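J.: Dock chains B, C and D against the given chain A, drawing on the hints supplied.
There are 4 protein chains.
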Amino acid sequence: MIKGYTLPRTPKGKASLVPHPPWHYVGDVVAIEYTADRALIEAYLPEPLTLESTKCCIYFVDWQYASEDGKEYLDPVESQYKETIILMSASYKGESMAYCPYIWVSQDKAFLRGLIQGWPKQMGETHISKAFALESKAAPTGHFGATLTVNGKRYIESQILLDEENAEMPSPTFAGSALLRYFPNLVGDKHDEPLVNELVQLKSRDVKVSTVSKGDAQLNFVVSSEHELSDFAPVKVLGGYRFQVALTVDDLKVLEKL
Amino acid sequence: MIKGYTLPRTPKGKASLVPHPPWHYVGDVVAIEYTADRALIEAYLPEPLTLESTKCCIYFVDWQYASEDGKEYLDPVESQYKETIILMSASYKGESMAYCPYIWVSQDKAFLRGLIQGWPKQMGETHISKAFALESKAAPTGHFGATLTVNGKRYIESQILLDEENAEMPSPTFAGSALLRYFPNLVGDKHDEPLVNELVQLKSRDVKVSTVSKGDAQLNFVVSSEHELSDFAPVKVLGGYRFQVALTVDDLKVLEKL
Amino acid sequence: MIKGYTLPRTPKGKASLVPHPPWHYVGDVVAIEYTADRALIEAYLPEPLTLESTKCCIYFVDWQYASEDGKEYLDPVESQYKETIILMSASYKGESMAYCPYIWVSQDKAFLRGLIQGWPKQMGETHISKAFALESKAAPTGHFGATLTVNGKRYIESQILLDEENAEMPSPTFAGSALLRYFPNLVGDKHDEPLVNELVQLKSRDVKVSTVSKGDAQLNFVVSSEHELSDFAPVKVLGGYRFQVALTVDDLKVLEKL
Amino acid sequence: MIKGYTLPRTPKGKASLVPHPPWHYVGDVVAIEYTADRALIEAYLPEPLTLESTKCCIYFVDWQYASEDGKEYLDPVESQYKETIILMSASYKGESMAYCPYIWVSQDKAFLRGLIQGWPKQMGETHISKAFALESKAAPTGHFGATLTVNGKRYIESQILLDEENAEMPSPTFAGSALLRYFPNLVGDKHDEPLVNELVQLKSRDVKVSTVSKGDAQLNFVVSSEHELSDFAPVKVLGGYRFQVALTVDDLKVLEKL
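Protein chains in written order, with full-length UniProt numbering: chain A, 1 to 258; chain B, 1 to 258; chain C, 1 to 258; chain D, 1 to 258.
Hints may be right or wrong, so weigh each one.
The list makes no distinction among identical chains, and a pair is therefore deemed to hold if it is satisfied within one copy or across any two copies.
[To be verified] Think about it this way: if two alpha-carbon atoms lie no more than 27 Å apart in a straight line, the pair counts; the simulated DSS-like pairs of lysine-lysine are:
id, residue 1, residue 2
1, Lys55, Lys203
2, Lys190, Lys14
3, Lys55, Lys208
4, Lys257, Lys203
Rather than coming from a laboratory, the hints here were simulated on the basis of the structure. It should be emphasised that the depicted structure is a prediction, and the values quoted were computed from it without experimental measurement.
Same shape as in the complex, but just chain A (with noise of 0.2 Å):
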């Protein structure tokens, strides 16, 4: 008798790289608000979803996460990883919704908790400056960079310049996205017949949000025009943010079986 939430399944069901449900997240954020090409950008909506405006989000977070027994924060290799997140603004039967094209984290653990909520996860490297309480000229004061590495190739750089506090958090924002639950097939005859293909929604609870900062942002896509990335490079960029997030994950909402 094998145990456990995920693979691998064990008699003890200790050794699973993800375990049962709730998960709890907590993270430093920079995000930049732009607007994409709609006509590069509509076409990746799953239907029914229709696009909702062109307006973007993109958020470099540092993670730091813990199962609920866990204190997995104690051995902070298996706790902390970073993240890149592009979401686009949708709409679901009338409902604003964010949906999610492209994600990119740094550990496996949090690349398979995202695989089972419908994050397109892949693994790449966030970078994020850091703020500190004391003056230096190493500590920024309100500029900060996040940059992307995906398979050593530089993907996105961008810069924020914070001069107000207490705004608006951006948007789209993460909490009720619109993702992909996608398991494709091996079997020979149907590599086009996917185990597990839905439109669900996140289900976060206890998100509690800090105090957010805001200002003028730079932010560039350094992939070529070969690589579809490129469809979510800026047309504009409207500003950039910077602040805290926590949040539990235990639930998720099927929308439609595509």
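T.: Relative to the frame of chain A, chains B, C and D by itself:
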């Protein structure tokens, strides 16, 4: 309309982390046959598999991968990764069949291809001595080491000392392995009702194996007894092997819905 | 005419791995005071340093760096690194002075700046729990972990449990440390005649320290007794600390030619 | 009394990052001969070296290392690393001699051995296609790629397409290279008075080279023109090479005090 064999699914389908099969592999292998403790490993097998013997084999593989049209080896960071695989000796309805309790890989594309096949993949760093044609104190003459590190902790250490050419392949072997294809459900009241839970069997094709070298081996599981992996620590080490293997994957056989 | 503070020296001098001082640092620190075994550590001190006490302190630091005009923190992969530092309590001509037997860092620029100051740097991966202002099961409340991995092997594990604010700094402290500035000679008959072999003392300036939190601590050297590092394993753990520090380096004092 | 060839110097001398010479190396090499722009590269040479021609050669090497008694290849994470080396064609008092303006390596031990020899080492990630004896779509038949990433940014991309066996070695070659042995001074008023500043020449011994394969090549420096490395971008690519090399290092020749 979005396309692609895996997430992320995109308008052109070129950005999928894993492209459509077939997937082509070639690798350098160090392997060690050993026996483990029946009382500890028997319960790892999903029904209706039964334990055929306590013989296990651990494979350390330095892989190079290409998709059907990809020539990914020309951008080798996209193509190369290393893997540690533990196989145990099972029987399915009287047929001998390896089963994989644990596997660690160093690349996200290989991680996801693995999940699709039922491999219980986790990320880990495998290191393997290399052979060279030139004589050098830095070039081993039959004496190779292989190690596994997971999340910054050494898990497995091994050495082989080869003295026999044209040996038989070690067993159990990974071609034709039984695996567990598994995708858990995050919907709140269905955490124990996975969306996919099937006993499957690998169907590799075009398998080629070089001549096989054989000799003595050492194998040491460094993990503490609290870690379930210690269940597979060696009772007796039988022998070490070195060879090359090539194979193509584009099919899978479903043995049982669980 | 080639320029630059370090190799590679180039026509414009912009490609040097390390730019001209001053170098500015700011960091989050977890530290643990402890005593080690006099019989094992006393012989680490170069003459004329003498052992003042068996008190040692291990620092785990999450650094951000900038050069005088660089704003490297805007491309944080160029600016951030983590470090583990062991200091012992020495005396130089009657003056108390820390001495560093071992240090591990995660970035080449910091490695080379270290050698230039006399730090005996090696590469290693330090992980440190992060604090957050938001309440979350993933955010520690005074309970932090810090670990060191070198070449894929866990070397050091630790935890601190803070319960006291506005404490004194731990000691020995790294400002004003004695170090060994050393550059060996590869010329065939001079392998034991280093080109540089001096006892030096750090001269940091503009040192700022936040308030200091203090509490209990655990510290475990995982390395085997065959590894010389085990000489610094704790005999008694005295306490754990957490604080921020900022400092600037552009000078060094030569104490003795050895 | 502390011992050891490099820092950290310890009572037993076993913990030095780099042990006493001799150091033994064996490696798989992909190399590309090309010409660069005389106006851009000539000023890289320290006096009294002069530019012999605009011919350069870039080497991508997958190394395995052992010390005299170490058998480090049995713990391959301690032994293996990859390197990218650019060499230019210089002349010293009428004698042809390569000079190295840039080099990137993936391991700290190799970094420090390099500094001791005068190599201007930086950390970087080199990837090189591997050859296999088995036929596979994943095994290149004469078509290899090699790339360099530094701090998460792709710097150099290349491919070679081999069609000639038993070719001559490329040039300039790294055996016998002129290098700059250099150790800067941090003492406040001596930042421009390095402690060591010498033109030296490598003295490898027991150099062995396999047969050499040759063919066409592509070479692309991805870095922007703001990066000094772009000085070495190719004007004309002359050819690609693949071979193995073994050598031992335990000596160095001082040509000039600078």
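J.: So, against the hints stated earlier in the document, which numbers end up violated here?
T.: Every hint satisfied by this model.
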